[in-house]
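Please take these sequences and the hints and turn them into a complete structure.
In mature numbering (1 follows the signal peptide of the UniProt record, and there is no 0), the protein residues as written are -27 to -1, 1 to 317.
There could be a bad hint or two in this list.
In silico BS3-like pairs for lysine-lysine, Cα to Cα no more than 25 Å straight-line [claimed, not checked]:
| hint | residue 1 | residue 2 |
| --- | --- | --- |
| 1 | K75 | K24 |
| 2 | K102 | K24 |
| 3 | K102 | K210 |
| 4 | K210 | K188 |
| 5 | K188 | K102 |
| 6 | K75 | K10 |
| 7 | K102 | K249 |
| 8 | K24 | K10 |
| 9 | K196 | K210 |
| 10 | K75 | K102 |
| 11 | K249 | K210 |
| 12 | K10 | K249 |
Everything labelled a hint here was simulated from the structure, so no lab data went into it.
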Amino acid sequence: METRLIGSRNVFGILLLFGSFLLQTETILDPENFQRKLIALNKVLDYIYNKAQRMNVDVIFGVTLTEANLAAALLHDNVRHLEDRFFNALEDIVALCDLTRKRLMNVVSNNENEFLLQSVLNNPDLWTKPVLWTRIFSKVRFNSSRPLSHLEIVESIWHGTPNETESDRCLMRIVHSNLNGRCQIPDICIQILTRDDNPMGYPLTHRLLIVQIAKALGCRENKLTPFSYLVSEYCAKILQHLVDLEAWNFPSMAADLATEQIILCGMEGYYEFVDKHYENLILSWPHQSGCFSAFRFSEERQITRRSSSVIDFGCDSHATALGAASLAIFIRKSVENPFGLPPT
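Below, the structure is given as structure tokens:
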């Protein structure tokens, strides 16, 4: 039986009742499109809340990023242009994120190392930061210079360093360094970030996440791992890979990977990852229940991520968490940069 949240305004009711929302002083976004994103996000969070017993630690982090990006949007100057009911709906969804995150932390089992990692990283304040919206390339979109074969694309999903175990080990060292009061990039992480093995897919997004966590925790930069350089270099390569994945219609579990790419580089303010094209793509992927699948729903599924499991309707926990976080990024972009223009 589903558990409904008590004491929270019903976002579905608010948005459906006032479907033709207007903005108070000037129209800076498409009300119908904004409503669609809010409803989709509320739906996936409601799904996660009611299926908390079947989620895992990665889902907690996804909900944390969702909450942080919505909270950041509410702190932006542009919220003064939002009609009150939009603003209230955003506040309600942030409250739902908070309740969902706390519920997950109470019911999702983890070992001692996972508990330490999650207790540090699942603080929304750590991730609530301003974003300078910009572009990686001067052109709005670009095409792959050398189309990859289907086999090359599938192999590229897990190509290079680190694997999941290496990534977790590095992150644990960073967290321990932070708890010791002087956060530095551990040698094991430097070796990962500087290894020249042409990383693509999850290994490349994991490298980016390592840098993002180090930045969030205030770690000192190493001359071999300059944060700003690595972030822009990684996201440029990730964008190229995202285009290649789409050229082959996201084979295997590429839909999950693409969503992860959109979130991590979208959080850095790179507009190419959060434009209307990718927004519509992500909005077309969830099951009607609100959950997401690592695969297209018509494909045979074989979960290969250690940190994911099948839930219902062919959905899985990792993709569902990513779905929520990606929708939050799109909502934030709509508030902060509705026209998709870099600052002049």
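Checked hints:
no.	hint	in the structure
1	K75 to K24	14 Å, holds
2	K102 to K24	29 Å, violated
3	K102 to K210	24 Å, holds
4	K210 to K188	20 Å, holds
5	K188 to K102	11 Å, holds
6	K75 to K10	23 Å, holds
7	K102 to K249	23 Å, holds
8	K24 to K10	21 Å, holds
9	K196 to K210	21 Å, holds
10	K75 to K102	21 Å, holds
11	K249 to K210	20 Å, holds
12	K10 to K249	12 Å, holds
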